[in-house]
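Given these sequences and hints, build the entire structure.
Those letters in the sequence shown? Residues 21 to 804, per the working numbering, in order.
Note that these hints are calculated values from the structure, not bench results. The model shown is predicted, which means the values in this text are computed figures rather than measured ones. Hints may be right or wrong, so weigh each one.
The calculated BS3-like cross-link candidates involving lysine-lysine, where the alpha carbons are at most 30 Å apart (straight line), are [claimed, not checked]:
| no. | residue 1 | residue 2 |
| --- | --- | --- |
| 1 | LYS737 | LYS154 |
| 2 | LYS733 | LYS700 |
| 3 | LYS523 | LYS488 |
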Amino acid sequence: MSNLSQPVAKSPVKRQSAERMKAERGLFSYPKYWAECFGPAPFLPMSRKEMEILGWDSCDIIIVTGDAYVDHPSFGMAVIGRVLESQGFRVGIISQPDWTNKNDFMQLGEPNLFFGVTAGNMDSMINRYTAERKLRHDDAYTANNEGGKRPDRAVTVYTQRCKEAYKKPVVIGGIEASLRRIAHYDYWSDKVRRSVLFDSKADMLMFGNAERPLLEMAHRFAAGESIEQMQDIRGTAVIRKEPLPGWQGVDSTHLDTIGKIDPVISPYEIIEDKCAVSSEADKQAAIEEQKAQPIVVQPFTSKTKRRKPWDKTYVMLPAYDVVRAEKTHYAHTSRILHKETNPGCARALAQRHGDRIIWINPPAYPLETEEMDAVFDLPYARVPHPSYGKAKIPAYDMIKTSVNIMRGCFGGCTFCSITEHEGRVIQSRSEESIIREIEQIRDKVPGFTGVISDLGGPTANMYKLRCKSPKAEQACRRLSCVWPEICGHLDTDQTPTVELYRKARNVEGVKKVLIASGVRYDLAIEDPNYVRELVTHHVGGYLKIAPEHTEKAPLDKMMKPGMGTYDRFKELFDKYTMEAGKEQYLIPYFISAHPGTEDEDMLNLALWLKERNFKLDQVQNFYPSPMANATTMYHTGKNPIHKVNHKSEAVTVAKGEIRRRLHRAFLRYHDPANWPMLRKALTDMGKGYLIGNGAKCLIPAESRNELKGREQKEYAKRSANKAYAKGKGNGQGQQTAKGKKAQQGLTRFSDNQPHNEAGGTGNTAGTNTDNRRKNSSNKKRKPH
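Quick look at the structure:
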């Protein structure tokens, strides 16, 4: 530690004055809608009675959401609702409606303009199921933490009910819709699904945070335009028969050649006839190519405006039927999509689904600081809607004293979809706006104790960090600004964050400002002043960071830095903790079963944890969320970080309940419940010497009590099997009571269902459903 460089006072880096990418029109530059005269509502109305109190006869826009309505800038429906309200629109909220019929969707009447539908702050499937596809029984975004208040695939279900209620346009958005805008792998059904626009039959999809496209669309609706007249709005996707007129297309394989993929020959085709037809078609195509074509020469002058290569250009992706059947094409499509996320140079995307295409316009331009300030300065009540009474909403309790200071992330971690939703460009608020929000928390939030629980966002220490070169920022297609190494164009001076921390903790009435958002430690070590400020003043005993793994192979698939970077950060953390005279600890987070992870990698991680006496309580198996690069690896076994073809790198994937449980067990090597599984795995791996009581052993040898318990379980299992066989021999085909009990815990997603001789499941689909409902009602499962 003696060779640690001392932090030196940095003078603020002079930001580039060159023009950055910017929208042609300001966010709030539109003439306000006529209903502005009603003014802002204390809460956006959730009932007809509230509308009458406000003097409204109808709503212009109705937002349907899967979350409880909390009027706070950390909740999507509140931000969207207040932004629309600021432009004069009357906005109503339908929160967590009964989706079994259309009645709840009619409770505010017919909207004058359109319905806006969102699943909520979380994807409804991730909210409802664990990484092992087991049912959750709680929901942090619902009053009293009650589960089951929203349907699976909420965007699709809500949209269909809105369509049943009224013949009005439906626009979908939020994280669930955003990450399903093209054909995507669905972990829960283990298949490639169509774009959610096709499944939901919505009229338009908005991806990203969407304030900019939302206001443009709302004002154009108000001016009398239809969906058909606004198909070119940035940050939106629509269904069309053909690409937009005037746009030039390029096939995705010309941008990133896949290579030859041998087709699967159908046994029902007459091969000779097919070859003859193909040969004739090839000859005709060759004749057409040889025909003389006129050459048009246009003079170029200094006044001629050069068209950028991405302007009015779209990329034709492989069709849905192709990516569903061919995994190499799926990985190629994912790679192209992730390359087209920079608003400065992104091209539109088109993907054919049958006789129609999904048309995805380039992303919306990021918000300017003044626009971010205006969004967060809107008159939020900062508490749940009064209709919830004294009910607790856990997600609100978690964030009610936290402040979101920025959006976006340029980290590019493959298991995360923040970049595909919020973008890589960091959008930061001003110090003044952040301080005003802290003062509002102090004055408005009931029971405020003087502690700000977080100043952060997707990442704690990316505030005001952007590319130093506006020109490079506009044209860059890198997946990450910090991997495999930090880009030389990236501004890593975290002085603005340090200055913000100091001003925040000097606000009157504030006793402590904590940092709970994840710290990007590879950035932090670039500025030791930031680490010293963080450790000295803003750590509440424990600081959580996420190295995610210790081994190079999985870290490369995650696009995360090596452990040398973690060690460097830990040295700085320990040094400044000692200087501050505090007792503080670094808590690392890890992911198990991530694509690219071998059993040996998990073993090495477990040994690393034991050597440092880490005993993790909460561990996370990899969760394949839609559109993430790591999800593409999970589904295809290909690596979309690099060029994809039939010869490209194969990625090891831990699939199946047994192997995923093993990887998770390595992270919790200290749990006696995992020892039998680990003993077997270590023996099979030829690592039996790690079983025992020695200092270098990972787990202890089997004790007498464990042996006795195992023998009792084996005896009980043999008895159950005999009872089952006896029942089957009676010709009744029914399971005994013990046989039924053995099936508890299986879900509709389980891949270890019992199979009968005909290749089907042991019960009919209806019987499985009835058993599942009976089990869930009679025996509350332990949440995962």
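Going through the hints against the structure:
1. LYS737 <-> LYS154: holds, 24 Å
2. LYS733 <-> LYS700: holds, 17 Å
3. LYS523 <-> LYS488: Between LYS523 and LYS488 the Cα gap is close to 25 Å, so the pair holds against 30 Å.
Consistency with the previously given hints is maintained throughout, with no hint failing.
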